[in-house]
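Novice: Please arrange chain B on chain A, whose structure you already have, making use of the hints.
Protein chains: 2
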Amino acid sequence: MARHFSLSGFPEWLPEQRLVEQHVLETLQRTFEMHGFSGIETRAVEPVSQLLSKGETSKEIYLLSRLQADQATDDAELGLHFDLTVPLARYVVENAGRLMFPFKRYQIQKVWRGERPQDGRFREFVQADVDVVGQDTLSQHHDMELPLVMVDALSTLPIPRVIVRASNRKVAQGFYEAIGITDIEGALRAIDKLDKIGEKAVAELLVADGATGEQAALALALAGITGTDASIADRVLALGARSELLETGLDELVTLVEGANELMPGSIVADLKIARGLDYYTGTVYESTMVGHEDLGSVCSGGRYDSLATDGKKTYPGVGLSIGVSRVLARVLGQPLVEPSRKVPTAVLVAVLDEDKRRVSDRVAMALRERGIPTEVSPSAAKFGKQIRYADRRGIPYVWFPGEPDSVKDIRSGDQVDADPATWAPPSEDLSPSIRMLS
Amino acid sequence: MARHFSLSGFPEWLPEQRLVEQHVLETLQRTFEMHGFSGIETRAVEPVSQLLSKGETSKEIYLLSRLQADQATDDAELGLHFDLTVPLARYVVENAGRLMFPFKRYQIQKVWRGERPQDGRFREFVQADVDVVGQDTLSQHHDMELPLVMVDALSTLPIPRVIVRASNRKVAQGFYEAIGITDIEGALRAIDKLDKIGEKAVAELLVADGATGEQAALALALAGITGTDASIADRVLALGARSELLETGLDELVTLVEGANELMPGSIVADLKIARGLDYYTGTVYESTMVGHEDLGSVCSGGRYDSLATDGKKTYPGVGLSIGVSRVLARVLGQPLVEPSRKVPTAVLVAVLDEDKRRVSDRVAMALRERGIPTEVSPSAAKFGKQIRYADRRGIPYVWFPGEPDSVKDIRSGDQVDADPATWAPPSEDLSPSIRMLS
Numbered sequence: 001m002a003r004h005f006s007l008s009g010f011p012e013w014l015p016e017q018r019l020v021e022q023h024v025l026e027t028l029q030r031t032f033e034m035h036g037f038s039g040i041e042t043r044a045v046e047p048v049s050q051l052l053s054k055g056e057t058s059k060e061i062y063l064l065s066r067l068q069a070d071q072a073t074d075d076a077e078l079g080l081h082f083d084l085t086v087p088l089a090r091y092v093v094e095n096a097g098r099l100m101f102p103f104k105r106y107q108i109q110k111v112w113r114g115e116r117p118q119d120g121r122f123r124e125f126v127q128a129d130v131d132v133v134g135q136d137t138l139s140q141h142h143d144m145e146l147p148l149v150m151v152d153a154l155s156t157l158p159i160p161r162v163i164v165r166a167s168n169r170k171v172a173q174g175f176y177e178a179i180g181i182t183d184i185e186g187a188l189r190a191i192d193k194l195d196k197i198g199e200k201a202v203a204e205l206l207v208a209d210g211a212t213g214e215q216a217a218l219a220l221a222l223a224g225i226t227g228t229d230a231s232i233a234d235r236v237l238a239l240g241a242r243s244e245l246l247e248t249g250l251d252e253l254v255t256l257v258e259g260a261n262e263l264m265p266g267s268i269v270a271d272l273k274i275a276r277g278l279d280y281y282t283g284t285v286y287e288s289t290m291v292g293h294e295d296l297g298s299v300c301s302g303g304r305y306d307s308l309a310t311d312g313k314k315t316y317p318g319v320g321l322s323i324g325v326s327r328v329l330a331r332v333l334g335q336p337l338v339e340p341s342r343k344v345p346t347a348v349l350v351a352v353l354d355e356d357k358r359r360v361s362d363r364v365a366m367a368l369r370e371r372g373i374p375t376e377v378s379p380s381a382a383k384f385g386k387q388i389r390y391a392d393r394r395g396i397p398y399v400w401f402p403g404e405p406d407s408v409k410d411i412r413s414g415d416q417v418d419a420d421p422a423t424w425a426p427p428s429e430d431l432s433p434s435i436r437m438l439s
Numbered sequence: 001m002a003r004h005f006s007l008s009g010f011p012e013w014l015p016e017q018r019l020v021e022q023h024v025l026e027t028l029q030r031t032f033e034m035h036g037f038s039g040i041e042t043r044a045v046e047p048v049s050q051l052l053s054k055g056e057t058s059k060e061i062y063l064l065s066r067l068q069a070d071q072a073t074d075d076a077e078l079g080l081h082f083d084l085t086v087p088l089a090r091y092v093v094e095n096a097g098r099l100m101f102p103f104k105r106y107q108i109q110k111v112w113r114g115e116r117p118q119d120g121r122f123r124e125f126v127q128a129d130v131d132v133v134g135q136d137t138l139s140q141h142h143d144m145e146l147p148l149v150m151v152d153a154l155s156t157l158p159i160p161r162v163i164v165r166a167s168n169r170k171v172a173q174g175f176y177e178a179i180g181i182t183d184i185e186g187a188l189r190a191i192d193k194l195d196k197i198g199e200k201a202v203a204e205l206l207v208a209d210g211a212t213g214e215q216a217a218l219a220l221a222l223a224g225i226t227g228t229d230a231s232i233a234d235r236v237l238a239l240g241a242r243s244e245l246l247e248t249g250l251d252e253l254v255t256l257v258e259g260a261n262e263l264m265p266g267s268i269v270a271d272l273k274i275a276r277g278l279d280y281y282t283g284t285v286y287e288s289t290m291v292g293h294e295d296l297g298s299v300c301s302g303g304r305y306d307s308l309a310t311d312g313k314k315t316y317p318g319v320g321l322s323i324g325v326s327r328v329l330a331r332v333l334g335q336p337l338v339e340p341s342r343k344v345p346t347a348v349l350v351a352v353l354d355e356d357k358r359r360v361s362d363r364v365a366m367a368l369r370e371r372g373i374p375t376e377v378s379p380s381a382a383k384f385g386k387q388i389r390y391a392d393r394r395g396i397p398y399v400w401f402p403g404e405p406d407s408v409k410d411i412r413s414g415d416q417v418d419a420d421p422a423t424w425a426p427p428s429e430d431l432s433p434s435i436r437m438l439s
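The listed protein sequences correspond, in order, to chains A and B. All residue numbers for the first sequence refer to our numbering, where the first residue is 1 and numbers rise by one. All residue numbers for the second sequence refer to our numbering, where the first residue is 1 and numbers rise by one.
Read the hints as simulated data drawn from the structure, not as lab findings. Keep in mind that a hint or two might mislead.
Put simply, identical chains are the same to the list, so a pair is met inside one copy or across any two.
What the hints assert, rightly or not - Cross-link-like lysine-lysine pairs, in silico, DSS-like; alpha carbons within 27 Å at most:
(1) K383 <-> K343
(2) K383 <-> K314
(3) K357 <-> K386
(4) K383 <-> K357
(5) K343 <-> K314
(6) K343 <-> K110
(7) K386 <-> K343
(8) K110 <-> K314
(9) K314 <-> K386
(10) K193 <-> K386
(11) K386 <-> K313
(12) K196 <-> K383
(13) K386 <-> K200
(14) K343 <-> K193
The model shown is predicted, which means the values in this text are computed figures rather than measured ones.
For reference, chain A alone in the conformation it holds in the complex (with noise of 0.2 Å):
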């Protein structure tokens, strides 16, 4: 059932299924607000070489160029932004001195990659983004309070249960360092890679990294622990390793998941195998799956940047996290997992008699929508039949016929009841259309 984009890569909704994107899109919105965060939105270009400063993710970028450039002209060279954080980096930055720090932000926008579409992966998605970004300093609370915002956020949409686990960069660096594991980029790149490719193929990795097979086997042992409290502390130091790092990441780590599971009961679990791949996280690192449909892997992570910018005096600090709104979305509707109740945003389709007498039906709408209920005219003054169905068709659950006195009929019910345009109203669950998940 999933949709055939006509641009591979480029996915487009129909009307009906951009009724659950917006209620995804408001919903998320609304919660980042409720938690006092601020939205955002920057431009949807980036000179390349600020693109560029993150070299990994070069060959996913599209370039812009203008199709009857002149010489006169000297732009910068510009590409599409390919995530919100660099772009984040670049605002906070240039408006610094008229921001309020902490600056607590939200960001719902699309990115663009170049990359060879699959499964779940697009060229062109919209991320939600929520970031809280420091002057200088960013205290270590931030590191509970971010994940628990999209703990809030994710649990009101209408998709499946999402569990978000968190680990900690300083406890894997410590512990590698301690054992001796020598290319801790490459240890980090080769454990991130446990859900996909096995213990196994794992340690034949960090093996040909340099590692020993000893080393490899306490590097897989410290990624099988998990946990909600103090506990995954004992465990890892029961691997016999020490190293102040270590146990400044232990400490962090156990603070934000006693903390999150003391306001949130299940809220938030350490996961040691959690990696991150990209190399600018400096503390905790978050990662999220949704239950049963954990092949479409994180749909949620991010992580602490002890330097998201720097403007060469003051260095600004951050933590944050990242939904793939567009890969949820792809499943949610693919499958699909949720409908809306209706297919148009209209409660009331107003009957028309007779095309000379149409303005009476468009009196009937004004004086309806005034009133906050959503209304449209019949298109053509066919017989009732033909217009009831028109409303039919698209799920309007009213139909309002002008006369003396007007009407106005239920057509799922086939209820009808004399009513006036001045104080008739809808209940309120038929006001709007409601996105509800499918059993």
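Specialist: Structure of chain B alone, referenced to chain A:
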């Protein structure tokens, strides 16, 4: 007071300005849905061949290329869309079997044009479009419906009054043909410059294009006619020209303005100097200016096109209008003419007495959010004076102090009362930031 944007032609707003933009976009969305229009979004890119099918704007297109495209890929050449009409035409043809006609859609998205940025012209900007598209036929009454949707939307926005003007291509074309002007397109383009260059210069243009002095004078006389009732037809016919096309156009225009002003007095003015540069309009055309800001040019324009698209078997006639949201916003934010009542969504800041007691404040915040009150917790356990200053700088109206009992202070009045997070609520006008026009 206009903002300088770090990349010329690419506007970005501060968080408090974005509150105004969000209010505008949400108001437009709500109004369009109140009239039964379905929201859609289309991908940002189209094949260049599609974009070039309207030759006139070719030089404004941004082309995409992948930074590290390999030979193996065989992608169609892509460009960023420069309006929302070309994508709509493609979307309608592509999804015709899954859409219901007449198809009423709104679409609020960014578009990109590679043109040289200047006053009120951007390279990236937001448009808000409403269109209704028929299959093979589309009733004339939609020519009145669509501008009234926009009148309803524009009058609800926190912006100066907008006057919507309408004309009809058939009137100008029929009139020009009847008086012997042969270069119809040239004459329309000349008349389109009337507000910018004045009558004398337009007459010279017309004569340079081959018109006689008398023909130029008649064309200018036609362009001088405005009104809101059937008298406009009388004044046109008094100029002596007659043709079937002219009379059809006058009928359509009089029906539109009489109907619109009967339903919503003062809503739409017929103004025969409106020509619209684009050659795909075939009947009614619309333009709108913001009172006191006529220098911005038209802020909401559109028209009727007998063939928005065709798939060989069927044609899709349409009528619609587009608001230049960024152009309007840049003006009202730049002056500024509007401001938000506070800079952040937060209604309540919960103070933290001591870093060890942060969890107590977290629980208060959760209880308030659960009842729909946007709340954040103070980022530091600094002295209360400093925490109150944090709220004050952002315009957060209330600061909550956990205690026995808890209390909440309105920092505008200084009033402080005992309060329970399970029952206290601010007045509804303090729940969210409101947007007000400055006098």
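Novice: Enumerate the violated hints, using their earlier numbering and listing them in ascending order.
Specialist: 8, 10, 12, 13, 14
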